[in-house]
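Protein chains: 2
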Amino acid sequence: MKIESVDFYYLSMPIIRDIGDGSQDVLLVRVQAGADVGWGECEASPLVSIAALVAPMSHSACKPVLASVLGQRLDDVPDIRRIGDLVRANSLDLLQADHTLSGIDIALWDLLGKRLNVPVYQLLGDDVAVPKIPYASQLFGDDPYQTHERAVATRNAGFMAAKFGWGPFGQTDVATDAGHVRAAREGLGDDAALLVDAGTVWGEDIERAAAVLPVLEECRVTWLEEPFVSGATRAYQRLARRSASVRLAAGEGSHNAHMARNLIDADALGYIQIDAGRIGGITPARDVAIYARDRDVTYVNHAFTSHLALSASLQPFAGSTRDVICEYPVDATPLARAITQNHIERDDAGLIRIPDRPGLGMTLDLAAAKSYLVDAEIRVGNALLYRTPELAD
Amino acid sequence: MKIESVDFYYLSMPIIRDIGDGSQDVLLVRVQAGADVGWGECEASPLVSIAALVAPMSHSACKPVLASVLGQRLDDVPDIRRIGDLVRANSLDLLQADHTLSGIDIALWDLLGKRLNVPVYQLLGDDVAVPKIPYASQLFGDDPYQTHERAVATRNAGFMAAKFGWGPFGQTDVATDAGHVRAAREGLGDDAALLVDAGTVWGEDIERAAAVLPVLEECRVTWLEEPFVSGATRAYQRLARRSASVRLAAGEGSHNAHMARNLIDADALGYIQIDAGRIGGITPARDVAIYARDRDVTYVNHAFTSHLALSASLQPFAGSTRDVICEYPVDATPLARAITQNHIERDDAGLIRIPDRPGLGMTLDLAAAKSYLVDAEIRVGNALLYRTPELAD
Numbered sequence: 001m002k003i004e005s006v007d008f009y010y011l012s013m014p015i016i017r018d019i020g021d022g023s024q025d026v027l028l029v030r031v032q033a034g035a036d037v038g039w040g041e042c043e044a045s046p047l048v049s050i051a052a053l054v055a056p057m058s059h060s061a062c063k064p065v066l067a068s069v070l071g072q073r074l075d076d077v078p079d080i081r082r083i084g085d086l087v088r089a090n091s092l093d094l095l096q097a098d099h100t101l102s103g104i105d106i107a108l109w110d111l112l113g114k115r116l117n118v119p120v121y122q123l124l125g126d127d128v129a130v131p132k133i134p135y136a137s138q139l140f141g142d143d144p145y146q147t148h149e150r151a152v153a154t155r156n157a158g159f160m161a162a163k164f165g166w167g168p169f170g171q172t173d174v175a176t177d178a179g180h181v182r183a184a185r186e187g188l189g190d191d192a193a194l195l196v197d198a199g200t201v202w203g204e205d206i207e208r209a210a211a212v213l214p215v216l217e218e219c220r221v222t223w224l225e226e227p228f229v230s231g232a233t234r235a236y237q238r239l240a241r242r243s244a245s246v247r248l249a250a251g252e253g254s255h256n257a258h259m260a261r262n263l264i265d266a267d268a269l270g271y272i273q274i275d276a277g278r279i280g281g282i283t284p285a286r287d288v289a290i291y292a293r294d295r296d297v298t299y300v301n302h303a304f305t306s307h308l309a310l311s312a313s314l315q316p317f318a319g320s321t322r323d324v325i326c327e328y329p330v331d332a333t334p335l336a337r338a339i340t341q342n343h344i345e346r347d348d349a350g351l352i353r354i355p356d357r358p359g360l361g362m363t364l365d366l367a368a369a370k371s372y373l374v375d376a377e378i379r380v381g382n383a384l385l386y387r388t389p390e391l392a393d
Numbered sequence: 001m002k003i004e005s006v007d008f009y010y011l012s013m014p015i016i017r018d019i020g021d022g023s024q025d026v027l028l029v030r031v032q033a034g035a036d037v038g039w040g041e042c043e044a045s046p047l048v049s050i051a052a053l054v055a056p057m058s059h060s061a062c063k064p065v066l067a068s069v070l071g072q073r074l075d076d077v078p079d080i081r082r083i084g085d086l087v088r089a090n091s092l093d094l095l096q097a098d099h100t101l102s103g104i105d106i107a108l109w110d111l112l113g114k115r116l117n118v119p120v121y122q123l124l125g126d127d128v129a130v131p132k133i134p135y136a137s138q139l140f141g142d143d144p145y146q147t148h149e150r151a152v153a154t155r156n157a158g159f160m161a162a163k164f165g166w167g168p169f170g171q172t173d174v175a176t177d178a179g180h181v182r183a184a185r186e187g188l189g190d191d192a193a194l195l196v197d198a199g200t201v202w203g204e205d206i207e208r209a210a211a212v213l214p215v216l217e218e219c220r221v222t223w224l225e226e227p228f229v230s231g232a233t234r235a236y237q238r239l240a241r242r243s244a245s246v247r248l249a250a251g252e253g254s255h256n257a258h259m260a261r262n263l264i265d266a267d268a269l270g271y272i273q274i275d276a277g278r279i280g281g282i283t284p285a286r287d288v289a290i291y292a293r294d295r296d297v298t299y300v301n302h303a304f305t306s307h308l309a310l311s312a313s314l315q316p317f318a319g320s321t322r323d324v325i326c327e328y329p330v331d332a333t334p335l336a337r338a339i340t341q342n343h344i345e346r347d348d349a350g351l352i353r354i355p356d357r358p359g360l361g362m363t364l365d366l367a368a369a370k371s372y373l374v375d376a377e378i379r380v381g382n383a384l385l386y387r388t389p390e391l392a393d
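Chains as they are written, first to last, in our numbering: chain A, 1 to 393; chain B, 1 to 393.
Don't take each hint at face value.
Unchecked claim - Label pairs and their calculated CB-CB ranges:
#1 A/D347 to B/G381: 39 to 45 Å
#2 B/Q146 to A/R82: 27 to 33 Å
#3 B/T321 to A/D265: 30 to 36 Å
#4 A/D265 to B/A175: 31 to 37 Å
It is worth saying that the hints were derived from the structure and are not from the lab.
A quick note: this is a predicted structure, and the numbers were derived from the prediction, not measured.
Cβ atoms here follow ideal geometry from the backbone N, Cα and C, with glycine treated the same way.
Please model the complete structure; the sequences and the hints are all you need to start from.
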């Protein structure tokens, strides 16, 4: 079968707020080959990833992503890696290409799973999908009182783990941070796992990050996520050496498997967090999951948008019995919730499972998605390079 | 002074060929603050970098680059770093943002230099610009005969150093590669420095790369550039250990200073190559130059387009007496040559110098540039986000 079409759909909430909620827009990807259709999703900046799909060639190593995908054979699993390698080589100098490829790679896995009538995780080599412990992923409140309220709500909703991030955390002084962390722990109760996400707020300021370690220890925080920007490997190493029980987590910014492996090799992380919608799709995410497993670093998905993206993010470590905690968005926008008919819900034990259905196991709600569809148009010279296509199955 | 306007101009040759010549298009950047204007250039995929300038906000850490630049104060050197930090924080999840920022940062240095009436390298803290030995940067021929011809032409043109890259090199077998390298050495003569650029052709295949080391040693090649993709740090380490006299060079793919520093820290490189048009501009490039100097790694500019970009690429290591070799495009397109009135030419000793004039020292030829200007337009919903602006001084 040849890949006959690759369509990108930019969906957005009517109003985008200036907060750390990544579910306010979505870039949905549809790929068709023969009678089969697969769906995927790219994380971050729909317009820019669309531009990378269709941009005019600049030179032999700076081609639009579409040129390396359209018309390619898609018969079996190795074809997906071959197509990804082709994109990485032909778009070497196109920085955004990895994000654009991500949604395509995800859609290719979905398509192949549907055609072969097996879930993606089985195509990846895992026999069964192990139930995961979802952590409720949410923003810190504007003040400790609001953080406390959110933590209580999370506990009452039955979550065994919760992550608080962004918002005011790390923006002012350590005392403010401590107030939020204590409020979160108190609201959650003693039993639940508490995770803290600093959202790269400290750049590479090791002292500032180290200053919150005592309150994190006091509140038995499992991990401190992204105290520094992704590339600040040495800062991660130094902070890790100063921490007693709190482990470091990072990796969501990785836009290829090399970046994630280099972070793992730095011997600084307890947890490597991968967004399949950024790293180039499920293929490199799976590579990282296996690499991490062999090096005693726990793999965790990064997912903050739709349940289509959530399913994609879970596939790479579905069968792992040692990587059991997973990110689970609880504060996502109506848009993120609306675009799939089915959802990945917690069972009676509070665990989640990938749907045991072909491909990613998600059924899109195209009628609902349509109401969020944004008209976009890109012209260069006399050529119309992109116009929002019809959204249909 | 406040930054009042930021304009991006997409220039292109009428026909883009599928070859490794990165000078076939140019993204020119104009920044205005008060009475002053500065010019810069972004490397790689003009349309995508324009999209990153103007894309709608996705969330608080995924804003268009323009939002962090327009209206900012620009009074002195520290403002440039502050603006760059702002872009990196506000566009954290926008992968392409580093490329977009690059041209803006370069334009800000140019602007400030003109206002203060000093060359950029003096603003950076260097008193004098040390003359550099330019290496003629060009593609391998289609066959060893053509490579030989090009090498002879380079020698006859008086270059003391030459780099050959891309084309057929590494694409087939080691014997073919050897033919090209020997042809290049023979054509250049015994005296000139010969550099070889593999253009990441071997992914992370260490054995394939190691197989060319003997002929590189035999032909006294100074460095082997980018045998692997940028992130494959361990592959670089392993190959470096197997090489006797040939040093490794890499880094042009770095889109922030962290990536370059991590490569330097890996203890694998003899040369770190930085493209100011990709790494985020002159500011992070200067950081890397200083970092490399302290660790006995030689800093080299990466530049393959206009002499505006060439001047920008030379500023970060202008004053260094130990980093004396520099990339110098000789096969650039008419477009790349046309957009500046003055050029950085070799003197009687075959050396080049940054123009001793304010800012980047280059005078644009806007009339010539205009003939290459591409009309582009980006619409999202009812908003016209971008339309090629008037090109004027």
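Hints and how they fare:
no. : hint                         : verdict
1   : A/D347 to B/G381: 39 to 45 Å : holds (40 Å)
2   : B/Q146 to A/R82: 27 to 33 Å  : holds (31 Å)
3   : B/T321 to A/D265: 30 to 36 Å : holds (35 Å)
4   : A/D265 to B/A175: 31 to 37 Å : holds (35 Å)
Violated hints are absent here; each numbered hint is respected by the structure.
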